[in-house]
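*Asks:* Sequence:
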Amino acid sequence: MIDPRALRDDPDRVRAAQARRGLSADVVDTALAADEERRTSIADFERLRAEQKQLSKQIPQASAEQKADLLARTKTLAADVKSAEAAQTAAEQDWREALMAIPNVAAEEAPAGGEDDYVVLETVGTPRDFAAEGFEPRDHVELGRILGAIDVERGAKVSGSRFYFLTGVGADLEMALTQLAMDQARANGFTTVIPPALVRPRAMEGTGFLGQAADDVYRIDGEDLYLVGTSEVPMAAYHSDEILDPSRFPLRYAAFSPCYRKEAGSHGKDTKGIIRVHWFDKVEMFVYTTLEESFAEHQRLLAWEKEFLDKLELAYRVIDVAAGDLGLSAQRKFDCEAWIPTQGRYRELTSTSNCTDFQARRLDIRGRFEGGTSPVATLNGTLCAMTRTIVAILETHQQADGSVRVPEALRPYLQGREVLKPVE
RNA sequence: GGAGGUGUCGCCUAGUCCGGUCUAUGGCGCCCGCCUGCUAAGCGGGUUUGGGGCUACAACCCCAUCGAGGGUUCAAAUCCCUCCACCUCCGCCA
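Numbering follows my numbering, with no gaps: position 141 of the first sequence is 168.
Hint data in this document are derived by calculation from the structure and do not stem from the laboratory. Keep in mind that this is a model prediction, so the values were computed, not measured. Note that beta-carbon positions come from the ideal geometry of N, C-alpha and C, so glycine has one too. It cannot be assumed that every hint is accurate.
[To be verified] Pair by pair, the computed Cβ-Cβ distance ranges are: (1) T103 - P31: 30 to 36 Å; (2) P38 - L225: 36 to 42 Å; (3) A159 - I247: 49 to 55 Å; (4) E269 - D39: 29 to 35 Å; (5) A99 - G238: 45 to 51 Å; (6) S83 - T218: 50 to 56 Å; (7) G141 - R246: 26 to 32 Å; (8) R246 - A159: 49 to 55 Å; (9) R372 - A43: 29 to 35 Å.
[Unchecked claim] Listed below are the simulated DSS-like cross-link pairs for lysine-lysine, each with C-alpha atoms no more than 30 Å apart in a straight line: (10) K109 - K80; (11) K94 - K84; (12) K448 - K299; (13) K296 - K184; (14) K102 - K80; (15) K338 - K299; (16) K102 - K84; (17) K84 - K109; (18) K448 - K333; (19) K184 - K448; (20) K448 - K338; (21) K289 - K299; (22) K184 - K289; (23) K333 - K296; (24) K94 - K80; (25) K109 - K94; (26) K333 - K289; (27) K333 - K299; (28) K184 - K299.
Input sequences plus hints: build the corresponding full structure.
*Replies:* In structure tokens, the structure reads:
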């Protein structure tokens, strides 16, 4: 939710941000009108309520005939108060809905436009030239089969399309990546967390996943519970309804959880392998800090993501995601995309968003500052999404005989193995 | 899953049976001031959160807020219903 006061004071800034996202500014006018309506209804209710309280207070000491008179007046007043209250509740709800429909105000720096209007900020490393090396790279599905690491056939048999089993070195790789990621996070002051992957509607709603994104979310039948698509959801809701002490900021958490996604709009896309799946595990960084500090923290999250990819010796580029592709909550977003040899292109491996105070408002997370409380900023960033990272590692570090060289940083977590060898 | 109990403004707590004097008691902590070689103690005051009005987003006035949401009533912390969380016991279980 955007700042209602800022909307009232400077609606043109919000209109401009909507334009950068390629969205209509109608929601702005709807929200402003709803705000007017809301404040009028509040004034009406409060005036009647104050009068009712005044009269009510007189009743106990009143004489018999005074009492009868008072009772008659308060009785009709009570009905008025009730309807005024109902009107206020309705107006308040309309206002809230109108406000909730407005996405976070995109950063001035975020490129205008949609999905394809990103700006490449930098390119790190060079994609391997397999032609020069004299062999055709195998894709991760084949490598996964040769190494006994990924079993997509049985995944489909047991759970359906877009499911898989990680076996042997595949499972070992996930464990190793998790440990490497957690060690890096811990060294940088993150608290390691294993959060619940099932959450209530409030958590989903608060993080902005029940709007247009709702199609992609699994709901538990008859339970009022959702499977999270990222641990951003439980970690944002972790401090919901709390007033935090800013002297302890930034609060940094590194959460490991499964992620579940319906991938509703992606039929036919990435049908092979484990690039796009209904479930994967992920280590996610999540930070609570002040609005002022959030911009610098966003850069730090990006730096940590790059550090992790560097350790895995991957070639990647960093893009500044365009306003129209930010999603509901983000004010700015950077994606790290790794080179996938058999696809001949860069694919998103990690993503970091500054949600400023947008989620904090929805989830009522404030800090106690001089001069009162105010919403804090939340940020998130992928440290390691297992499946895609495994794809990138296998394809990038494969050798002509189908074996895979293990990046040095990962070796201590893989029992010292330097090479993953094909199984018989 | 079954039975019972509990939920009060940071923490603890009075109040709930018998609705109005609750603009919610007291203690601890914290903040400001006084006192004081210093510290401690003592004394006085303050200390939920959100919103509206008015405005310098000050002061002030008002409304809401006793786990959440409904209901009864002129009036609800107090009575009724639903939900949530926690505790105890039983059952089941990794």
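*Asks:* Please go over all the hints and tell whether each is borne out by the structure.
*Replies:* Results for each hint:
Checked against the given bound of 30 to 36 Å, the beta carbons of T103 and P31, roughly 34 Å apart, stay inside it. Evaluation of the 36 to 42 Å hint for P38 and L225 yields a pass: the beta carbon distance comes to about 39 Å. Checked against the hint of 49 to 55 Å, the C-beta distance between A159 and I247 comes to roughly 51 Å, which is consistent with it. A beta carbon spacing of about 34 Å between E269 and D39 agrees with the range 29 to 35 Å that was offered as a hint.
As the Cβ distance of A99 to G238 is approximately 49 Å, the hint placing it in 45 to 51 Å holds. At roughly 51 Å, the beta-carbon separation of S83 and T218 lies within the given 50 to 56 Å, and the hint holds. Between G141 and R246 the beta carbon distance is about 28 Å. The supplied range of 26 to 32 Å therefore holds. In this structure the hint that R246 and A159 lie 49 to 55 Å apart at CB holds, the actual value being about 50 Å.
Under the hint 29 to 35 Å, the C-beta atoms of R372 and A43, about 33 Å apart, fit the expected range. Of the pairs offered as hints, the one joining K109 and K80 holds, with about 13 Å between alpha carbons and a cut-off of 30 Å not exceeded. The suggested pairing of K94 with K84 holds, with an alpha-carbon distance near 11 Å, which does not exceed 30 Å. A hinted pair counts as satisfied when its Cα atoms are at most 30 Å apart, and K448 with K299 qualifies at roughly 23 Å.
For the hint pairing K296 with K184, the CA-to-CA distance comes to about 20 Å; that is within 30 Å, so the pair holds. For the given pair, K102 sits about 12 Å from K80 by alpha-carbon distance, which is consistent with the 30 Å threshold. Restraint check for K338 and K299: the C-alpha separation of about 27 Å stays at or below 30 Å, so the hint holds. Taking the CA atoms of K102 and K84, the gap is about 14 Å. The hint holds against a cut of 30 Å.
The suggested pairing of K84 with K109 holds, with an alpha-carbon distance near 18 Å, which does not exceed 30 Å. Among the hinted pairs, K448 with K333 is consistent with the structure: their alpha-carbon atoms are about 28 Å apart, no more than 30 Å. Proposed proximity of K184 and K448 is supported: the alpha carbons are some 26 Å apart, at most 30 Å. For the hint pairing K448 with K338, the CA-to-CA distance comes to about 21 Å; that is within 30 Å, so the pair holds.
The suggested pairing of K289 with K299 holds, with an alpha-carbon distance near 16 Å, which does not exceed 30 Å. At most 30 Å may separate the alpha-carbon atoms for a hinted pair to count; K184 and K289 meet this at roughly 18 Å. Taking the CA atoms of K333 and K296, the gap is about 27 Å. The hint holds against a cut of 30 Å. The hinted pair formed by K94 and K80 meets the criterion: a straight-line CA distance of about 15 Å does not exceed 30 Å.
Annotation: proposed proximity of K109 to K94 holds, straight-line Cα distance about 22 Å (limit 30 Å). A hinted pair counts as satisfied when its Cα atoms are at most 30 Å apart, and K333 with K289 qualifies at roughly 28 Å. At roughly 27 Å between alpha-carbon atoms, K333 and K299 fall within 30 Å of each other, so this suggested pair holds. For the hint linking K184 to K299, the alpha-carbon distance of about 15 Å falls within 30 Å, and the restraint holds.
In summary, this structure violates none of the numbered hints.
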